[in-house]
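2 protein chains.
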Amino acid sequence: MNVSMNVEDYMHELGGRARAAARRTARASSAERSAALEAVAVALEADRAVIRRANEADLAAGSAAGLDAPLLDRLRLDDAAIDRMIDGLRQVNVLPDPVGAITDLNFRPSGIQVGRMRVPLGVIGIIYESRPNVTVDAAALCLKSGNATILRGGSEAIESNRAIAASVRRGLAESALGEDAVQLVATTDRAAVGHLLRMQEYVDVIVPRGGKGLIERISADARVPVIKHLDGNCHVYVDRAADAAMAIHIILNSKCQRYGVCNAMETLLVHAERAAEILPAAEARLAAEGVEIRGCDATLAVLPQANRASEEDWYEEYLGPILAVKVVADLDAAIAHINHYGSAHTDAIVTADYAAARRFLAEVDSSSVMVNASTRFADGFEYGLGAEIGISTDKLHARGPVGLEGLTTQKYVVLGDGQVR
Amino acid sequence: MNVSMNVEDYMHELGGRARAAARRTARASSAERSAALEAVAVALEADRAVIRRANEADLAAGSAAGLDAPLLDRLRLDDAAIDRMIDGLRQVNVLPDPVGAITDLNFRPSGIQVGRMRVPLGVIGIIYESRPNVTVDAAALCLKSGNATILRGGSEAIESNRAIAASVRRGLAESALGEDAVQLVATTDRAAVGHLLRMQEYVDVIVPRGGKGLIERISADARVPVIKHLDGNCHVYVDRAADAAMAIHIILNSKCQRYGVCNAMETLLVHAERAAEILPAAEARLAAEGVEIRGCDATLAVLPQANRASEEDWYEEYLGPILAVKVVADLDAAIAHINHYGSAHTDAIVTADYAAARRFLAEVDSSSVMVNASTRFADGFEYGLGAEIGISTDKLHARGPVGLEGLTTQKYVVLGDGQVR
Chain A
21 MNVSMNVEDY MHELGGRARA AARRTARASS AERSAALEAV AVALEADRAV
71 IRRANEADLA AGSAAGLDAP LLDRLRLDDA AIDRMIDGLR QVNVLPDPVG
121 AITDLNFRPS GIQVGRMRVP LGVIGIIYES RPNVTVDAAA LCLKSGNATI
171 LRGGSEAIES NRAIAASVRR GLAESALGED AVQLVATTDR AAVGHLLRMQ
221 EYVDVIVPRG GKGLIERISA DARVPVIKHL DGNCHVYVDR AADAAMAIHI
271 ILNSKCQRYG VCNAMETLLV HAERAAEILP AAEARLAAEG VEIRGCDATL
321 AVLPQANRAS EEDWYEEYLG PILAVKVVAD LDAAIAHINH YGSAHTDAIV
371 TADYAAARRF LAEVDSSSVM VNASTRFADG FEYGLGAEIG ISTDKLHARG
421 PVGLEGLTTQ KYVVLGDGQV R
Chain B
21 MNVSMNVEDY MHELGGRARA AARRTARASS AERSAALEAV AVALEADRAV
71 IRRANEADLA AGSAAGLDAP LLDRLRLDDA AIDRMIDGLR QVNVLPDPVG
121 AITDLNFRPS GIQVGRMRVP LGVIGIIYES RPNVTVDAAA LCLKSGNATI
171 LRGGSEAIES NRAIAASVRR GLAESALGED AVQLVATTDR AAVGHLLRMQ
221 EYVDVIVPRG GKGLIERISA DARVPVIKHL DGNCHVYVDR AADAAMAIHI
271 ILNSKCQRYG VCNAMETLLV HAERAAEILP AAEARLAAEG VEIRGCDATL
321 AVLPQANRAS EEDWYEEYLG PILAVKVVAD LDAAIAHINH YGSAHTDAIV
371 TADYAAARRF LAEVDSSSVM VNASTRFADG FEYGLGAEIG ISTDKLHARG
421 PVGLEGLTTQ KYVVLGDGQV R
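Protein sequence lines correspond, in order, to chains A and B. First residue of the first sequence: 21, per this note's numbering; consecutive thereafter. First residue of the second sequence: 21, per this note's numbering; consecutive thereafter.
In isolation and in its complexed conformation, chain A is listed as follows (with noise of 0.2 Å):
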């Protein structure tokens, strides 16, 4: 950053530049962008002890600041982690390419053929928090994508993604798409992000990368649209007609094989005749993973020694070994309660009656719905995406994981040949 310049004059100067990459990076053949990405793994090799120094400056300043170990853990790039990176963006780059993929040309009545082309969005900001791995992951798949990108890190991994950053723009800079396709907020200044938020002439949108409350921040700052991951208050039902056994496989797996996570269920539905049979069986299991049960009435009729739910059980994302279970007369209770406390993220039915999945699919407002599955199956690399940006609980553009094809758009093509109205 020019030192000289307000927070302001840098945002609009990083805008313009962006704007100005978007249209070569968007022109450039798939070969170019391909040959684009090489460069910068290419570079991210050669730079692997810069990054390293970078980052232990960063992890020093983090220990004195009184980070603590999981912050710590969360900000350290080692060599194990630089090799990550670097494999995760030459996986990227051979995804298929979305760009430029025509579809559906027809033609009608007045002679001309009406189709849609595939396009990048142009400009995204990712606004992410202290993992510098993201500085990477999300210039390859914006680059992938055809897209330049504005990328605005945590400010105590500033170091950090300021060599990455370096690094990825060296490999760029020889590349048909310029250096500028990819620019990292230099300043930790925090009145940056406000302008990055609101510079709709130079950004078309913005994807926040972190926890709820830096996504509420910028979703109510935003005059760009943004793609936001709120969220992830995920269900599973156990349906009257469900199998036993595969209903508590399903329970343990979408709660116990990672806490942390987004697609974890959170509370736990079971049909009023089941109760009696289920809940003990999982209870048992539960136990001994050491999740703690939140139940309501009727669920301590059947586990007296769980605790009670209250009303906020319902809208928790615990986040952690802890379930809410409740118990509901019928398909249609179950699916109105998801649709009232869920987060419209993910929610599984486990059933062995066609019309209850029918319904449930068809009637659960949630961005994945799922049939006899874990809930811990929503994600990109799970659904065939190669690899995802974040998960929109969204309802317009993307929705759930978002990969390659969610940071593009379509726009018409018409092909005449001297047709008038």
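If you're looking for bench data, these hints aren't it; they were derived computationally from the structure. Keep in mind that the hints are not guaranteed to be accurate.
Any copy, or any two copies together, can satisfy a pair, since identical chains are not distinguished.
[As the list claims (entries may be wrong)] Result set (SDA-like, lysine to any residue): computed pairs, CA atoms no more than 20 Å apart in a straight line:
#: 1; residue 1: Lys232; residue 2: Asp251
#: 2; residue 1: Lys248; residue 2: Tyr432
#: 3; residue 1: Lys248; residue 2: Ser49
#: 4; residue 1: Lys232; residue 2: Glu337
#: 5; residue 1: Lys232; residue 2: Glu336
#: 6; residue 1: Lys248; residue 2: Arg218
#: 7; residue 1: Lys232; residue 2: Ala307
#: 8; residue 1: Lys232; residue 2: Leu405
Please read all numbers here as calculations on a predicted model, not as lab measurements.
Knowing the structure of chain A, use the given hints to seat chain B on it.
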């Protein structure tokens, strides 16, 4: 409106009813939604006299308030206009139903099957100006796509809109959707719009229909996502390799077939090597239509009688018989001009050059890009969407003409038989 209620409470009551109705509407079968739309058509037929009386009250109030003749014309609902309204509704009703379609249901290595299901957005708020027929058009598109809607029309059409909405709701009352699938904001209090734009818990998207001023105000105030249609500053670029007769034909049609529409050409770009040939021929035809030309210096060199364009002219959406004309050095200059000054609505190239056509399609960043066709084709009916609720100049979600599909979204569906991670 319950007169004892304040506007905020009233709007939240509307919102809550809309959310409940949206669940019913989304759950309804295709046949139930069709039957509901036909019941609305029958109710409108039956209530024709009531609607005409209400409209006469609006017309009388409008005359007394000094509304000009074109505004009164747009407000008028004679029998023919009511017929068109009912016909339009039945035309929407026979369109293919987009709801529930599942696409790309593929097996993944884990054994789960992942696909995407098209589903309604939920509750759509429509804010529109004086034409009362929009009340029926918008309701029909929202219902057909499985959504509930909250309609807010112009205050000058309030009596007409109330009568139409009452009739629509009477038709819906005995259907599976219920009357609250369509609600009209029955107060003309402007605070109602402010609440509508911020009720994120009840409204999924706002579609404004009206002038640029209305849409800019709505976009600035909304916390709910907006599908917006700003201006249509459309271009025709006559390339070096253009067929002269085709170019003149497309220029005339794009500019003169109708002036006050968003897909009319506002700026003509001509390759420098063709200016001396194309511009005089075009000017002769445009002058006969009464079109004023505002040209750059190179244009004035060929057409000395034309007016000089100012910098502002390149940004202008005239919506009238004025045309800005610029001579450009080459294809690159044409693309750069359009991407800089245009409004990303619709732009066309006239060329016989394959490579120029491909580059124009790929690099012009507009919602519709055309080769050898009039910009006037940018329209939902012409594109085969059947009907449109508007033309989006946004990049996210819907871009270009927005039909039934633009009022839906896709969620992921996962089918398993007990898979866990």
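*Mind listing which of the numbered hints don't hold for this structure, in increasing order?*
As far as the earlier hints go, 3, 7, 8 are violated by this structure, in ascending order.
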